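Read in order, the letters of the sequence shown are residues 10 to 371 in the working numbering.
Among these hints, one or two may not hold up.
[What the hints assert, rightly or not] With a straight-line Cα cutoff of 25 Å, these simulated PhoX-like cross-link-like pairs (lysine-lysine) come out: (1) Lys254 - Lys272; (2) Lys114 - Lys57; (3) Lys30 - Lys167; (4) Lys30 - Lys155.
[Unchecked claim] Per label pair, the in silico range of CB-to-CB distance: (5) Asn252 - Arg134: 41 to 51 Å; (6) Leu99 - His188: 41 to 51 Å; (7) Asn252 - Val15: 20 to 30 Å.
These aren't lab readings, by the way, just hints derived from the structure by calculation.
All of these numbers come straight from a predicted model, not from anything done at the bench.
Positions of the beta carbon are idealized from the N, C-alpha and C atoms, including for glycine.
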Amino acid sequence: MMNWTVVPASDFANHAATWQKLNQQGPASALFDLEFVQPLLTEFGTGKELLAICTSQQAVVAMAIMAPSRASAWDTFQPSQAPLGLWMNLPECNLGDLLNGLMRKLPGLPLVIGVTQCDPFLFPRPPGSALMQTLDYVDTARIRIKGSFEDYWAARGKNLRANLRKQRVRLANEGHTVHMETSRAPEQMAAAVADYGLLESAGWKAQGGTAIHPDNQQGRFYCSMLEGFARRGAASVIRYRLNGKVVAMNLCIEGNGSLIVLKTTYDETVPSHLSPAFLMREETCQQMFAEQKFSTLEFYGKVMEWHLRWTDEVRTLYHVNSYRWPILLRLHTILKNRQNRAPAPADAVPAALNQLEKQPSE
Numbered sequence: 010m011m012n013w014t015v016v017p018a019s020d021f022a023n024h025a026a027t028w029q030k031l032n033q034q035g036p037a038s039a040l041f042d043l044e045f046v047q048p049l050l051t052e053f054g055t056g057k058e059l060l061a062i063c064t065s066q067q068a069v070v071a072m073a074i075m076a077p078s079r080a081s082a083w084d085t086f087q088p089s090q091a092p093l094g095l096w097m098n099l100p101e102c103n104l105g106d107l108l109n110g111l112m113r114k115l116p117g118l119p120l121v122i123g124v125t126q127c128d129p130f131l132f133p134r135p136p137g138s139a140l141m142q143t144l145d146y147v148d149t150a151r152i153r154i155k156g157s158f159e160d161y162w163a164a165r166g167k168n169l170r171a172n173l174r175k176q177r178v179r180l181a182n183e184g185h186t187v188h189m190e191t192s193r194a195p196e197q198m199a200a201a202v203a204d205y206g207l208l209e210s211a212g213w214k215a216q217g218g219t220a221i222h223p224d225n226q227q228g229r230f231y232c233s234m235l236e237g238f239a240r241r242g243a244a245s246v247i248r249y250r251l252n253g254k255v256v257a258m259n260l261c262i263e264g265n266g267s268l269i270v271l272k273t274t275y276d277e278t279v280p281s282h283l284s285p286a287f288l289m290r291e292e293t294c295q296q297m298f299a300e301q302k303f304s305t306l307e308f309y310g311k312v313m314e315w316h317l318r319w320t321d322e323v324r325t326l327y328h329v330n331s332y333r334w335p336i337l338l339r340l341h342t343i344l345k346n347r348q349n350r351a352p353a354p355a356d357a358v359p360a361a362l363n364q365l366e367k368q369p370s371e
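Just need the whole structure built from these sequences, with the hints factored in.
As structure tokens, this is what we get:
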């Protein structure tokens, strides 16, 4: 029998060891490590989040951080800096049963709860049911590090290989120098985040107010998070220099054989015939294939045309919505089909659902 306990997420530190153990037993992803989750809560939590813990036969089998998304709806806590919703369960657990049980423990008699942006590589996509549906979110890409770089590079498109070769020849002929460096020490992370912010602030993100700055929430999150990973040798900040000037950067974390690129930026003032981010990526791949330290290079962002130049391996992230009663799922499906719009997470359940007469909780 499964039993859910719900506590304020402000108590997360008291359950940190349990969370980390479940991650090791389940998804084993750096995106669920304490060093990632605690800074997320610290910088982006509103105080309304709840930590949900499910036990079965005195063992913890599932944990999640949930946040109210609208009247009668809860979603997994997922600021934009987190590629995945903060939900974990052991592989042998039935997701529908877990969500059905959690539904009855969350406050406010929720009509629907959602698990956002699930990775089928970590959590195989479950079949739908009368109370639960899964919805495509976005396609994402990764590069599998297997075999030699020469074989990998030969499988890439002719245009990509030719363009980068021409760029390197032109740089050499014009007397330019390029250099890639990697910072891994905890004491190097603050300066790295500051450099990243300067590079990003010079581009279009500065106009929208979304650029990283050491003194804003984003800057504090990335600095604290990267320092935490670096203390156990699992963070890397990659700088790519042109004539000594930083022209491209990656912020990365590592875990379970994956190098995860969380953020990428480049100098938009670099002449258009040069692609500093591509040059950096080529050298990164060369190094990864040579070292064979990682099995995958993960991007997690929405697949863009440029991703497909570097890899053929694409998978679909998905949402899960669980409803209190089957009629709610049917109504949501009907309304969604009528509006002919893309599937949405639980917080986008039409307002009409909240107008339904509430029935007693089971």
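- Earlier hints that do not hold, by number: 3, 4 and 7
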